[in-house]
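> As you go down the protein sequences, you meet chains A and B in turn.
Just add 5 to wherever you are in the first sequence, counting from 1, and you've got our numbering.
Just add 5 to wherever you are in the second sequence, counting from 1, and you've got our numbering.
In case anyone wonders, no lab produced these hints; they're calculated from the structure.
One copy or any two copies: either way a pair holds, since identical chains are not told apart in the list.
In the SDA-like style, the derived pairs of lysine to any residue whose C-alpha atoms are separated by at most 20 Å in a straight line are:
id	residue 1	residue 2
1	Lys287	Ala149
2	Lys217	Phe101
3	Lys123	Thr82
4	Lys217	Ser53
5	Lys123	Asn184
Number of protein chains: 2
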Amino acid sequence: MTPRLALLACTLALALPVLAADPPPYRSAQQILDASPAGDWRTPDSASTLYLELDAGRVVIELAPGFAPAHVDNIRTLAREGFWDGTSIYRSQDNFVVQFGDADADDPARAKPLGSAKTKLPAEFERASAGLRFDALPDTDGWAPQVGFADGFAAGRDPKTGKAWLAHCYGALGAGRNNDADSSIGAELYVVTGQSPRQLDRNITLVGRVVKGMELLSTIPRGPDPMGFYADPAQRTPIKAIRLASEVPEAERTALQLLRTDTQTFRDVVEARRNRRDDFYKRPAGHIDLCNVPLPVRAADK
Amino acid sequence: MTPRLALLACTLALALPVLAADPPPYRSAQQILDASPAGDWRTPDSASTLYLELDAGRVVIELAPGFAPAHVDNIRTLAREGFWDGTSIYRSQDNFVVQFGDADADDPARAKPLGSAKTKLPAEFERASAGLRFDALPDTDGWAPQVGFADGFAAGRDPKTGKAWLAHCYGALGAGRNNDADSSIGAELYVVTGQSPRQLDRNITLVGRVVKGMELLSTIPRGPDPMGFYADPAQRTPIKAIRLASEVPEAERTALQLLRTDTQTFRDVVEARRNRRDDFYKRPAGHIDLCNVPLPVRAADK
Numbered sequence: 006m007t008p009r010l011a012l013l014a015c016t017l018a019l020a021l022p023v024l025a026a027d028p029p030p031y032r033s034a035q036q037i038l039d040a041s042p043a044g045d046w047r048t049p050d051s052a053s054t055l056y057l058e059l060d061a062g063r064v065v066i067e068l069a070p071g072f073a074p075a076h077v078d079n080i081r082t083l084a085r086e087g088f089w090d091g092t093s094i095y096r097s098q099d100n101f102v103v104q105f106g107d108a109d110a111d112d113p114a115r116a117k118p119l120g121s122a123k124t125k126l127p128a129e130f131e132r133a134s135a136g137l138r139f140d141a142l143p144d145t146d147g148w149a150p151q152v153g154f155a156d157g158f159a160a161g162r163d164p165k166t167g168k169a170w171l172a173h174c175y176g177a178l179g180a181g182r183n184n185d186a187d188s189s190i191g192a193e194l195y196v197v198t199g200q201s202p203r204q205l206d207r208n209i210t211l212v213g214r215v216v217k218g219m220e221l222l223s224t225i226p227r228g229p230d231p232m233g234f235y236a237d238p239a240q241r242t243p244i245k246a247i248r249l250a251s252e253v254p255e256a257e258r259t260a261l262q263l264l265r266t267d268t269q270t271f272r273d274v275v276e277a278r279r280n281r282r283d284d285f286y287k288r289p290a291g292h293i294d295l296c297n298v299p300l301p302v303r304a305a306d307k
Numbered sequence: 006m007t008p009r010l011a012l013l014a015c016t017l018a019l020a021l022p023v024l025a026a027d028p029p030p031y032r033s034a035q036q037i038l039d040a041s042p043a044g045d046w047r048t049p050d051s052a053s054t055l056y057l058e059l060d061a062g063r064v065v066i067e068l069a070p071g072f073a074p075a076h077v078d079n080i081r082t083l084a085r086e087g088f089w090d091g092t093s094i095y096r097s098q099d100n101f102v103v104q105f106g107d108a109d110a111d112d113p114a115r116a117k118p119l120g121s122a123k124t125k126l127p128a129e130f131e132r133a134s135a136g137l138r139f140d141a142l143p144d145t146d147g148w149a150p151q152v153g154f155a156d157g158f159a160a161g162r163d164p165k166t167g168k169a170w171l172a173h174c175y176g177a178l179g180a181g182r183n184n185d186a187d188s189s190i191g192a193e194l195y196v197v198t199g200q201s202p203r204q205l206d207r208n209i210t211l212v213g214r215v216v217k218g219m220e221l222l223s224t225i226p227r228g229p230d231p232m233g234f235y236a237d238p239a240q241r242t243p244i245k246a247i248r249l250a251s252e253v254p255e256a257e258r259t260a261l262q263l264l265r266t267d268t269q270t271f272r273d274v275v276e277a278r279r280n281r282r283d284d285f286y287k288r289p290a291g292h293i294d295l296c297n298v299p300l301p302v303r304a305a306d307k
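Using the sequences and the hints, build the whole thing.
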């Protein structure tokens with residue numbers, strides 16, 4: 006018996022340290038989400054939710070009043086007054102953006118009246134990071150000293166200047182402007198449909214992001230004219246309406262929940278994507294880029 | 006006069022150091038390209054150029070035999086024997102990839118014969134960096150120790166392992182595989198149409214990149230089934246043919262030139278994009294991401 010017991014003891018001695026160092030079984034992002042507590046999800050504020058209505062369906066946008074309060078306020082006014090109804094998506098540039106609003110905005114003779122919306126706003130390229138919950142990624146970033154998530158948005162932060170700003174990731178919604186920094190008013194908008202153009206960070210006021218329906222924008226045929234514009238109005242994609250969710254009857258709203266980015270569930274999802282340990286991946290990346298992080302959305306009735 | 010001269014001298018003394026430090030006048034990427042010498046451009050090898058023919062037009066692909074010689078060799082065989090003629094783009098996943106080839110490849114009863122193509126290849130995730138001209142970017146990257154350009158392709162490099170590999174940027178062409186690293190043969194292919202999924206670097210064999218016609222792939226309606234597949238064959242995008250340019254009559258070829266990435270012109274283009282100093286940009290980024298670098302292409306008759 007003695008040799009047999011000795012062998013067993015030896016096996017245990019070898020096995021225990023390995024067991025202690027074993028990572029927990031890998032769970033995919035979806036498995037983590039499926040097991041998430043209900044409290045990890047939030048319902049977006051209907052007064053900060055826009056519905057962009059196209060013939061192909063509805064694009065749902067979450068606005069970011071915490072970053073661009075003056076622009077969001079103006080966008081609410083424009084939506085309430087039906088400014089965008091009957092306008093169009095008049096630009097689609099491959100691997101960059103779609104842009105929409107009044108295609109004649111630059112022509113004083115044909116521009117659509119702005120109603121009671123303001124015609125001058127301050128640039129809102131960044132805000133004070135004080136008072137902002139910011140869940141930083143440990144991952145390096147070439148564009149910003151720190152990157153992470155604030156109020157569910159991908160963002161950058163600079164501890165030296167004490168500023169934070171939204172990042173131009175896929176789906177980001179920005180306020181088009183002319184050369185002057187303060188020339189945007191939120192009437193002409195764009196959505197990022199390509200590789201994240203982070204060089205625009207802190208150069209344009211970002212006002213929100215698409216949370217549902219990106220594929221309706223990303224598949225729009227690219228415009229044949231320079232920078233993806235359509236000189237021919239017939240080629241533009243009509244906008245039936247842009248409405249605040251709060252102005253739409255409850256029964257017609259799209260009920261969504263967004264994963265809170267200040268939760269362990271979100272951190273676990275990020276790690277599951279940073280280091281994939283399923284059967285397919287042979288080499289976990291050990292890194293994730295801010296704009297590769299998924300921001301999970303689900304139907305609210307789930 | 007004395008006070009006036011003194012003031013002038015003072016002004017000069019203040020102004021001269023500023024003048025000395027002034028950068029040369031900013032030229033946009035397009036202005037740099039317009040002034041480039043003819044020798045900075047190369048004509049892609051017709052034996053390494055694929056034409057993917059769709060009803061909507063032609064997608065031009067440059068293969069990378071320097072990185073994936075076995076796969077490229079097999080792809081040449083498949084193209085010569087017309088393997089892809091009558092197949093389809095059977096997957097389009099938003100912000101990720103389109104995938105194409107034989108939709109029935111996994112069904113032995115219905116799979117299309119592979120002709121004289123090989124049915125087993127080594128994984129070609131990386132290659133020795135020795136002997137490879139590699140023009141490194143100075144910019145930091147979270148996915149790889151070094152990034153830059155080799156033979157006109159965006160690539161990563163690790164001085165410690167002495168390896169280099171192609172990067173999953175927008176437009177990259179990869180060989181789909183199952184869970185085994187060496188399960189790809191180049192018959193099922195994908196093209197990146199979203200935010201660069203660099204976590205796939207060194208996990209899949211990349212075989213080339215799209216140099217013209219990306220908008221024909223990026224706008225394909227997203228598949229309704231999981232991961233963007235179309236269960237309904239009627240929704241797939243038919244592939245008329247995939248041919249090597251060298252097998253197509255000269256008059257039917259698309260004559261292109263690609264900017265060499267080992268030139269001062271290319272370095273100047275990168276810097277013009279890294280630090281934009283035109284009237285629009287208020288803050289040059291001081292950084293560029295590997296996958297944000299444009300790889301200029303022009304008609305050869307230019």
